[in-house]
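This is what each chain is made of:
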Amino acid sequence: MSMEQTLLQKKSLPDKFKKISFLIFGIGLLTVIISFFVDSHRFAFNYNILFSFLVSIALGNMFLFAIEYLAGAVWSTVFRRINEIFISFVPFVMVIGIVVLLEMHSIFHWTYKDVLENDEIVRGKTPYLNETFFIIRFFVYTLVWTLFAYFMRKNSLKQDTTYDQNLTYRNSKLSAFFIPIFAITITFFAIDYLMSTEPHWFSTIFGVYYFSGTVLSALAILTVVSILLHERSYFDKILKPDHFYNLGALLFAFVNFWAYIAFSQFLLIWYANLPEETFWMIHRWENGWEIFSFILIFGHFLIPYFALLSQQAKSNLNRLKIVSIWLLIMHYVDIYWLTMPSGFKQLVFGWIELGFIVFCVGIIMILFYYRYERMKNIIPVGDPKLKRSLEFKL
Amino acid sequence: MENKILYSVSGIFEDVNKLISAVKTVTDSGYTKFDVHSPYPIHGLPQAMKLKPSKLGWVTLVFGLSGALFAFLFMYWVNVIDYPLIVGGKPFYQLPAYVPVMFEVTVLSAAVFTVAWMLFIMFKFPNNSHPLIDTEYMRKVSVDKYGITIQASDPIFDLTRAKEFLQSLGASEVFEIYFRESNVKPKIFDKKFILFLGITSLIVSGVTYFILNHLLFMSPFNWMHEQFRLNPQSKLTFTKPETTNLTPVEGTVARGFLPYPYTDRPDLAEKNLINPLLPTEKTLKVGKEKYLTFCSPCHGNFGHGDSRLKGQFPNPPTLHSDKLRNMKDGGIYHIITVGQNIMPGYASQISSDERWAIVHYIRVLQRAINPKESDLK
Chain S
1 MSMEQTLLQK KSLPDKFKKI SFLIFGIGLL TVIISFFVDS HRFAFNYNIL
51 FSFLVSIALG NMFLFAIEYL AGAVWSTVFR RINEIFISFV PFVMVIGIVV
101 LLEMHSIFHW TYKDVLENDE IVRGKTPYLN ETFFIIRFFV YTLVWTLFAY
151 FMRKNSLKQD TTYDQNLTYR NSKLSAFFIP IFAITITFFA IDYLMSTEPH
201 WFSTIFGVYY FSGTVLSALA ILTVVSILLH ERSYFDKILK PDHFYNLGAL
251 LFAFVNFWAY IAFSQFLLIW YANLPEETFW MIHRWENGWE IFSFILIFGH
301 FLIPYFALLS QQAKSNLNRL KIVSIWLLIM HYVDIYWLTM PSGFKQLVFG
351 WIELGFIVFC VGIIMILFYY RYERMKNIIP VGDPKLKRSL EFKL
Chain Z
395 MENKILYSVS GIFEDVNKLI SAVKTVTDSG YTKFDVHSPY PIHGLPQAMK
445 LKPSKLGWVT LVFGLSGALF AFLFMYWVNV IDYPLIVGGK PFYQLPAYVP
495 VMFEVTVLSA AVFTVAWMLF IMFKFPNNSH PLIDTEYMRK VSVDKYGITI
545 QASDPIFDLT RAKEFLQSLG ASEVFEIYFR ESNVKPKIFD KKFILFLGIT
595 SLIVSGVTYF ILNHLLFMSP FNWMHEQFRL NPQSKLTFTK PETTNLTPVE
645 GTVARGFLPY PYTDRPDLAE KNLINPLLPT EKTLKVGKEK YLTFCSPCHG
695 NFGHGDSRLK GQFPNPPTLH SDKLRNMKDG GIYHIITVGQ NIMPGYASQI
745 SSDERWAIVH YIRVLQRAIN PKESDLK
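Those sequence lines, one after another, are chains S and Z.
Start counting the first sequence at 1; every next residue gets the next number (this note's numbering).
Start counting the second sequence at 395; every next residue gets the next number (this note's numbering).
Quick caveat, the hints were computed from the structure, so don't treat them as lab data.
Bear in mind the structure is a predicted one, so any value in this text is a computation, not a measurement.
Using N, Cα and C, we set each Cβ at its ideal position, and we do this for glycine too.
Treat the hints with care, as some may be off.
[Said to hold, decoys possible] Simulated restraints on C-beta separations:
1. Z:Ser460 - S:Ala249: 19 to 29 Å
2. Z:Ile588 - S:Asn256: 38 to 48 Å
3. S:Ala183 - Z:Gln621: 41 to 51 Å
4. S:Leu101 - Z:Leu450: 49 to 59 Å
5. Z:Gly424 - S:Ser12: 42 to 52 Å
6. Z:Gly424 - S:Phe17: 45 to 55 Å
7. Z:Glu408 - S:Leu394: 23 to 33 Å
Starting from the given sequences, assemble the full structure and let the hints guide the process.
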């Protein structure tokens, strides 16, 4: 097909990018290792946050991928390769997650024998919260997500050479299976890794809360990467503001969705005023943690809300880029806010946390570099929807 | 006919793509006062017309925020200023509970006022004397055709040139559109229309009333109306006599009203009854209040027997007599309870505890007049 020749010879990323990625990764890794010896408790908590954040990005992109197939979305086809890069993170992220299993005792105090003996509430939860089942669940998540990621990507990549329309149909079917499984696994993942850091507390909306942040961060990283590539003409300028407008609109929608869910969770706990639920919120409103609560209210909702409110803002690439990076940071802070106070009475924030953020950026950049380089095309050239996608107009 | 004033030259187009390229040419040739009509919104048209972004978004923003502010202030006024009520143990000012309401009112007022602004401010509803209304041109562009209207007030307008211009762009038909001779009165002020409105609303409300109140009557909630209790003086089937007006079962004692066993035996009352209260400040306060209310009219504020009744009732003896000072508390209690000779009993007006408190107060009065040795030191 002529499209392949005229459109987009994929360009390689510059060597400089690789060097910088390794530099950032190296600095991050070093601080992370040092922090392990300085304060292993804090190391473990931060590592859990890092892991959850990476899962957000990989899994969120799988969700976007699936929902776009199911909805038959046309505008998003041009971005699908970028989705797929992040989807292919899944097995690597799960390998990174093994450290969380090793450090389980520093993170989850329901693993302590004496806690189990003295604490009736935690003991009551042992049928679910026990080490064996926890590890089994980890491998179930790994297996399910990796398989889906593998087959989704395989079908999509195969289409580049075969132009087989059936593959689109097959991926739609796969997506239909994925969505309910995604809903269940992400809920349990959130309960396991984030909520169970405070095993006394429970919130039935917690899975949805993590989901809203997940999709938001996946959209944000998709947006920022696409814009950066677009600006450096990796897309041969085939993308129009109309394409980005959709990303902006979705970002805006999910900023609202996050706030809606976060507020719902807060409001019900506040209204019912049951001590077994409120203590969790109260803890995040004192001992310095209230700073992070405020950062979330403003940074995760009000600022991006007004930054994305107007129609022009949603197709203003610079604005989108900055807001997306900002939202990624906010999602990290959100996970930090969810788990960190469970392990530390007083506010902790310092070089260890910053080191982990650097480490996280490094991991994403390196994974991105290698995954990008292995790809043949930067847009799905064999997709039957591609032509319409390129011509997409609002 | 001659003094008709030209409003515009308007051309009909059959095809969207033709329309958009025509609009671009019109913009490029310098026309500024023109408009495009289409049965549905076309993306890209505002850009082709070089229109500035619509200001309507600001209207939405302003009214949305005012809605939020209004909702907030209203709830604040109700909950904090006008009628503070504790609900669910929450403080009067409770922002989290306001948020959902503020959110809803924001959405509501933003939507309603945007539409209203568009109708009444931008389209000047109910004014319908625009020259384009009721023309062949408007009939076509509101069904399946597109149209460009170049206004005569445009600085570079020239009738023949504009007509030829539109034809050269591919217009299938070109109309000359004139202002109306007189302003048409908005039809909604027509007598007939107003009559129609009146009759319609009468019929609708009549039918609604009839259906809801007579055909389908149901009380929206009835738990105040129908309670599981017995009303006085109603008929009962399961008692003898068949009425709710029953006397209490024999031997029933009302709470706080133990029967008084010494009615005719002041000596026994004095001997057996003991003041159950301590003369604390609180007790004395109660005693003073009750004494001044019930006793002072006859006995005087300080118990000297100097009544305020101006001889309409025999003056009682002083309360400072030796007899009374030596009487035990139970004796005085007895007098208050059942009375003495012409003094009536106060059992039905003053509770037992209050009577004992009065006794304490009388002791205070007595000691103020006849102090003990020790009080004077």
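### Violated hints - listed by number, lowest first
Hint check: nothing fails, all pass.
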